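Visitor: Under my numbering, read the sequence shown as residues 3 to 163, first letter to last.
For the record, the hints were derived by calculation from the structure and aren't laboratory data.
Everything numeric in this text was worked out from a predicted model, so none of it was measured.
Please note that a few of the clues may not be correct.
Claimed, not checked - With a straight-line cut-off of 27 Å between C-alpha atoms, the simulated DSSO-like cross-links for lysine-lysine are:
{"no.": "1", "residue 1": "LYS47", "residue 2": "LYS7"}
{"no.": "2", "residue 1": "LYS147", "residue 2": "LYS7"}
{"no.": "3", "residue 1": "LYS47", "residue 2": "LYS6"}
{"no.": "4", "residue 1": "LYS47", "residue 2": "LYS126"}
{"no.": "5", "residue 1": "LYS85", "residue 2": "LYS7"}
{"no.": "6", "residue 1": "LYS147", "residue 2": "LYS6"}
{"no.": "7", "residue 1": "LYS85", "residue 2": "LYS126"}
{"no.": "8", "residue 1": "LYS6", "residue 2": "LYS30"}
{"no.": "9", "residue 1": "LYS95", "residue 2": "LYS144"}
{"no.": "10", "residue 1": "LYS92", "residue 2": "LYS13"}
{"no.": "11", "residue 1": "LYS30", "residue 2": "LYS144"}
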Amino acid sequence: MVNKKIEINFKEYNNLSALGDQDAELIKIADTNLANSYSPYSQFKVSSLILLEGNINVLGTNQENSAYPSGLCAERVAVFSAKSTYPNKKIEKVVIVTEQGNEFPFSPCGSCRQALMEYELNQKEPIEVILKSGNSKIWVFKSIKDLLPFAFEAEDILKKE
């Protein structure tokens with residue numbers, strides 16, 4: 003047996019004023035977009051902003067449905083919309099905010115992590131992730147890989163031996 007260890011690096015900020023102006027503005031836009039969340043069942047509002055190259059913002063919110071699990075997370079709503087509308091634009095950042103907060107920000111679910119990773123792998127450039135929940139600290143990750151260190155690629159699945 004061999005014990006192994008993974009280390010994840012990220013930056014932690016105590017408030018918006020500690021961030022750069024662009025990132026603070028993106029968080030404010032995503033926070034405002036929380037009002038568009040359709041979350042009558044969980045009452046847990048999530049908003050996501052995808053920043054594409056060319057300074058294009060695409061927003062998404064979680065969308066619930068009484069025929070659970072037919073709803074969709076804010077991150078996938080935003081990224082699918084971004085890539086449907088702007089298929090040739092690279093994703094630079096993903097901002098994810100929640101109305102409710104803990105001591106630390108909420109992170110994306112596994113399905114959203116894998117969906118975002120697909121785009122990072124396809125564009126062969128990292129996608130920065132910014133997380134903020136309520137009045138919690140703000141976490142900034144340089145890459146989706148920091149949130150999903152054991153991601154798999156389509157070529158891994160399609161390999162035939």
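Visitor: Each hint should be assessed against the structure and marked as holding or not.
Guide: Evaluation of the provided hints:
With a C-alpha separation of about 34 Å, the suggested pairing of LYS47 with LYS7 is violated against the 27 Å cut-off. Taking the CA atoms of LYS147 and LYS7, the gap is near 15 Å; set against the 27 Å cutoff, the hint holds. Straight-line distance between C-alpha atoms of LYS47 and LYS6 comes to about 37 Å, which puts the hinted pair past the 27 Å bound. With a CA separation close to 31 Å, the supplied pair LYS47 and LYS126 exceeds the 27 Å bound.
As the CA atoms of LYS85 and LYS7 are separated by approximately 35 Å, the hinted pair breaks the 27 Å bound. Restraint check for LYS147 and LYS6: satisfied, since their Cα atoms lie roughly 18 Å apart, inside the 27 Å limit. This hinted pair checks out: LYS85 and LYS126 have alpha carbons roughly 15 Å apart, not beyond 27 Å. Only pairs whose Cα atoms come within 27 Å are accepted, and LYS6 paired with LYS30 is rejected, the gap being roughly 39 Å.
The hinted pair formed by LYS95 and LYS144 meets the criterion: a straight-line CA distance of about 9 Å does not exceed 27 Å. With a CA separation close to 23 Å, the supplied pair LYS92 and LYS13 stays within the 27 Å bound. The straight-line distance between the Cα atoms of LYS30 and LYS144 is roughly 20 Å, inside the 27 Å bound, and the hint therefore holds.
When held up to the earlier numbered hints, the structure conflicts with 1, 3, 4, 5, 8 and fits the remainder.
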